[in-house]
Amino acid sequence: MNFDYSEEQHLLAQSVRQFLTKEYTFAARQAIIESDQGYSEQVWATFAEMGLLGLPFASDVGGFGGNAVDLMPVMEAIGDGLIVEPYLASVGLGGQLIARGGSQAQKQEILPALVTGQCKLAFAQTEREARYNLAHVACRAEKTAHRYTLEGEKCVVLHAPCADKLIVSARTTGPATAADGISLFVVDRNAPGVTLTPYRTIDNLRAADVRFAGTVVPAEALIGQEGQALPLIEAVVDYATALVCAEAVGAMQFANDTTLEYLKTRKQFGVPIGSFQALQHRMVEMTIIFEQAKSMTCLACVKADSADADERRRIISAAKIHIAEACRHISQEAVQLHGGMGMTEELKISHTFRRLTMIAQTFGDADHHLERFAACG
Amino acid sequence: MDLNYSAEEMAFRDEVRAWLKDNLPDALRYKVVNYEELTKEDLLRWQKITAERGWGAPDWPEEWGGTNWTIVQRHIFEEECGYAGCPPRIPFGVAMCAPVLHKFGTQEQKQRFLPGMYNGDVFWCQGYSEPGSGSDLASLKTSAVREGDSYVVNGQKIWTTWAQHADWIFCLVRTNTDVPKRQQGISFLLMDMNTPGISVRPLMLMDGGHEVNEVFFDDVRVPAENLVHEENDGWTVAKYLLGYERLGTGNTGASKREVLRVKELAAQQSKNGRPLMDDPRFRDRLSRVEVELMALEITNLRFLDQMRGGRAPGAEVSLLKIRGTEIQQALTELMLEAVGPLAQPFRSLRATDFDQHTASIAPRYCNYRKTSIYAGSNEIQRNIISKASLGL
Ligand SMILES: Cc1cc2nc3c(=O)[nH]c(=O)nc-3n(C[C@H](O)[C@H](O)[C@H](O)COP(=O)(O)OP(=O)(O)OC[C@H]3O[C@@H](n4cnc5c(N)ncnc54)[C@H](O)[C@@H]3O)c2cc1C
Ligand SMILES: Cc1cc2nc3c(=O)[nH]c(=O)nc-3n(C[C@H](O)[C@H](O)[C@H](O)COP(=O)(O)OP(=O)(O)OC[C@H]3O[C@@H](n4cnc5c(N)ncnc54)[C@H](O)[C@@H]3O)c2cc1C
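Heads up: the protein sequence lines correspond to chains A and B, in order. Under my numbering, the first residue of the first sequence carries the number 2, and numbering increases by one thereafter. Under my numbering, the first residue of the second sequence carries the number 220, and numbering increases by one thereafter.
None of these hints come from the bench; they were simulated from the model. Every value quoted in this text rests on a predicted model; they were computed, and no experiment measured them. Be aware that one or more of the hints could be misleading.
Stated by the list, open to error - PhoX-like cross-link-like pairs, simulated, lysine-lysine; straight-line CA separation at most 20 angstroms:
#, chain 1, residue 1, chain 2, residue 2
1, A, Lys144, A, Lys265
2, B, Lys458, B, Lys400
3, A, Lys268, B, Lys360
4, A, Lys23, A, Lys268
5, B, Lys250, B, Lys267
6, B, Lys400, A, Lys268
Let's have the full structure, built from the sequences with the hints guiding it.
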């Protein structure tokens, strides 16, 4: 048994953190989120140079063949720095769907460009009625000759505004919630018949609702077999869930560190507020919850690529239950222990609070995963 | 034991309800129930409407416009207002500074300030907290030095709610530093926000709203006649006021309305093809909050009943504040969970095409973290119960 990162993993994590500490300061991030694009091309290019964009992909597309554990320290750093660039959407979701399900031609077209930072991806999956059910796909794709025509709407597609290509789930057969009949397509974000309603999210990412109206794609845009995409979607979302857990761990580590620092430095009644036992015990509880969450994240990342789908489901859901509750608890307590300061836009902790609030519900909230876990037997 | 309202109280409730139905403007109600930011005009408008009915300040002495209602009637009025979706009463004038003036003010001060508060003509804010003095209010440093018939004020306040709207501010200032106890040497001073030397800087909260500010005082000359009560005995005033500040924080009426909102949202959202409201996990959590709210409401009435017998509000006010704010926060959390992925959209990048009725929910959840921090944090409230009620 060994819970340590390897030498390589450690070094990569260190260089990522060094870069982010220097170039992705809170002030720099504020400028990025207020910019028109809402992310930084320069940071993205640096991620490519550092090899982060190719980390999990095969060497024939320019990648390094890493697994989820290799990505874990990167995701932690992303959570710590509250990085708003589309890493999870491109590398964790879109790129994975292509790498695991795509044809040779699709891989060669998209992945090398993704690895070098020339192509960003977004996963258009969620629908207004779907909640967290991955099988709920009402968006339709009609096949005619050598083409598909897409009709329908996706919502809260994270990073869609900056994506070059969207990976879209659409139904080729069956009723809206059937497991069978879901297909995946690669669609240019600028293709005719694709309309974005872009917005800023509460955690300062960019997202959009995306309408497809008579959007025509060639038959080659289909990823994998027609109608058989659900297992792939499920596996990739589980993988991304493990990654977002790691992002949460990074964010919670920051929340705990900065709160502890605040307890030691903020004085009221002539003493540091950390000398009040009422607050000491709260901080201890945050620490315990963090350690448990981190352990569950290690487990989730180790099992994220497991060939045994039942085992993978059970463990990813267990981790997400834990992380969802830890996100809520730690973010709320961190703000509370900062008093009024915790409420302000000017302090990073309020941004971490918002990100953790959203991660708690990303890819399913605790209720959703409790049900899934229980169903695993 | 009889836990029902009397026939007269029921009749009173119906009267209030009917009046609210006819007089609460839809535009105001809409903003309140959709968590939209209220303007200064909105807030003053509602004060004016209640003033016209003679209900502008129920708890004031009758000669100044009070209604002479019983404590239960006052509670009913507040409940109904909260439930109906009225704008909050601007607490700082009518509900905070006014009780101080009634108890400690001179006749001249009362005549000068009370009508403007009552009629919704003058907007007040509260300058207590400072960067170094939050929970430990008595450590405040903003100084007021007597020079002839003026005080010269220097220093800074923070978290001043709605200072950007305010015409006047009531402040705690230090008039004497050479005292054995920090609570001595504090005075209660009223200032016109237009006085030269006062500047206001907005502090944005994480929901994107501008509700609090920093207020800076740079050689501000304030007429000495604006001192309330005796110089250096402002702490007596402050403590008196804190009881009032916390009295209104239970907000059970508004929470009942928010329960309905949760139910409405959960009915609209579907989970596995059925309304989320049918989901037992979600339903159970909502029911627990409803039960907690019921317990708070009855506890509130039980305390009111005791106070009707003439007992002053004590540490039980802290209990209402703690539980009341916990319930408010729990309800915002349930809403967030109810809308799931649809909670994430926040602000449109174009002005025109944003139709996300769920976009106000996450900001509300964020904003309501304040309720366990302000008006004496919930930790401080627990300290009060521990010391004052339990003798620990
Ligand atoms: C089933 C059982 C088996 C045990 N076995 C052993 C044994 O094998 N060997 C042995 O030596 N002892 C043993 N103990 C004794 C045990 O270690 C003591 O009960 C324990 O240390 C608490 O001491 P106390 O009972 O005197 O309670 P107290 O110390 O009087 O504590 C009373 C309460 O006050 C709390 N408290 C005390 N100080 C603080 C503080 N500074 N801050 C916050 N809270 C505080 C405690 O947590 C507790 O809730 C055993 C006890 C039990 C119940
Ligand atoms: C939205 C908002 C509006 C506000 N409006 C106003 C206003 O209009 N006018 C005004 O004057 N003030 C206002 N306040 C200020 C508010 O009263 C203070 O924020 C509050 O008193 C807490 O002070 P602080 O923020 O300095 O936190 P601190 O006092 O620094 O507290 C930090 C943490 O330590 C805890 N703590 C402190 N002391 C103890 C102790 N002895 N034991 C245990 N825990 C302790 C606190 O509970 C908190 O969790 C507002 C605040 C907010 C957030």
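- prompt: So which of the earlier hints does this model not fit?
  reply: When the structure is compared with the hints, numbers 1 and 4 turn out to be violated.
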